[in-house]
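Chemist: Line by line, the protein sequences give chains U and V.
Position 123 of the first sequence, counted from 1, bears residue number 123 in the working numbering, the numbering being contiguous throughout.
Count along the second sequence from 1, then add 230; that gives the number in the working numbering.
No lab work stands behind these hints: they were computed from the structure.
All C-beta atoms, glycine included, are put in the ideal place defined by N, C-alpha and C.
Don't take every hint at face value.
[Stated by the list, open to error] Facing chain U, from chain V, some residues (calculated, C-beta under 8 angstroms):
hint	residue
1	T310
2	G324
3	D325
4	M329
5	L375
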Amino acid sequence: MTEGVSALDLVLVGDPTLYSIVRLSLFVSLSALTIASFIGMPLGAFLALVHFPGRTFLVVVTNAFMGLPPVLVGLAVFLLLSRSGPLGFLGILFTPRAMIVAQALLVLPIIAALTRQTVEDLWMEYRDELTAMRIGPFRRVLTLLWDARFSLVTILLAGFGRAAAEVGSLMIVGGNIDGFTRTITTTIALETSKGDLPLAMGLGLVLIVIIIIVNAVAWSVRRVAEIRGV
Amino acid sequence: MQWHGACGASPKSAGYNLMRPPVSDLPIVLQDASFSIGQLTILHHISLSLEPGAPTVLIGPNGSGKTTLIRVAMGLCCPTAGSITWGGRAHSHGDRRAMVFQRPVMLRRTAAANVAFALAAAGISRNAQSALTAELLGKVGLKNLAFRQARRLSGGEQQRLALARALARDPEILFLDEPTASLDPAATKAVEDIIRAIAASGIKIVMTTHDLGQASRLAGEIIFLVRGRIVEHAFAERFFTSPATSEAAAFLRGDIVI
């Protein structure tokens, strides 16, 4: 009970340690989401609209990777970025950049697979009209992405939810360094094991609020789309 | 690697072509054209020439191949046997052909934005789009609904918006696939009036319908299809007064023709 009150105190008084951790978490998750979106959305649209040998295999792999174990991604990124790894020369292991890379890799299949499904469904609906209007491939992709914008926002929020709640890969590639690579989830894991429950619970509260806000935004976007009939 | 595309489209058809060549897609000539999906043959050895002039209306029972025939003529699918030419060419940009579907898909934007989209696709500059959009919406009686979400329009309004969108291509030929199939009489009349005005402006109309009354009101010539074959191709007046085949006579009597 007292830990709960202390946790609430930390949140309400704006504890600098707590909020620096929250800021880093948001920075890492949003950066990863941005990178994953710029790659995942065009990739998903490409998989939806272009038929080529091996497409089905790629679709299956993309779908399967939505459930990629974070620790496995963490391990792969660690091996890539470690000093003896192929990208070791970048020197970004145990930095927020490495965490962004790991999270982007985790979120990318979610964005790509859900975008593919959304665009493919919309293409089934639009194919005759856009073909009759002689819309070229590039404009076709833009049109479908724009007309699927409300669904895509929901997909982005789902990706953000995955990134914000992730812990395993961040531990491995970030190292959970105090004041440098410590995020909400890694701090909760560490502080709980140390028995410092107020900070862990305070961060947990913030994480829950973030997740609720994300879901509320997703729900609102859907609702607006329904009301406007788009 | 293959993008979904249109039949008979030349390689440049995907891009905009502001300097359209002064060539016509008419006549559209099908020579012994068939269309099959797997083992199922939908069109059998169709030979046909669609010439400039009064509207051509395709009638026939369900499954007779009316929709498939206009899709082939539009270039949305290729004959699996035989050939098709547009203005004597096996490949055409298709810039001057437009089509309105039985259930047109409204893009998720306003009515005006739907028309502007079609204008942009036709290569019209952004500066000219606003005035042309208003003009086209005016032609189909939707000017006062310009800023309503297209998917919020009624069925008849959506069909009229689809006509405005098709006209944005400044077509020489307009294909209409049962444009009033699910509309009430008032909405049907509104759409028919627009079709008449379009035909009067010199655009070749090729349409399908189940409604014999509508066919007699709009058609200059009738193509009567049964089981993927052209059974009769005649001027509308002659077709309705003295059909040349027993199938056509039975169809006009309201008998079931399979």
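Chemist: Now tell me, hint by hint, if it's right for this structure.
Modeler: Hint check:
1. T310: 18 angstroms, violated
2. G324: With a closest approach of 6 angstroms, the G324 (chain V) hint holds.
3. D325: Hint on D325 (chain V): holds, closest Cβ of chain U at ~7 angstroms, below 8 angstroms.
4. M329: 4 angstroms, holds
5. L375: This hint is violated: L375 (chain V) lies away from chain U, its Cβ roughly 13 angstroms from the closest one there, beyond 8 angstroms.
The structure is inconsistent with the numbered hints 1 and 5, although it conforms to all the rest.
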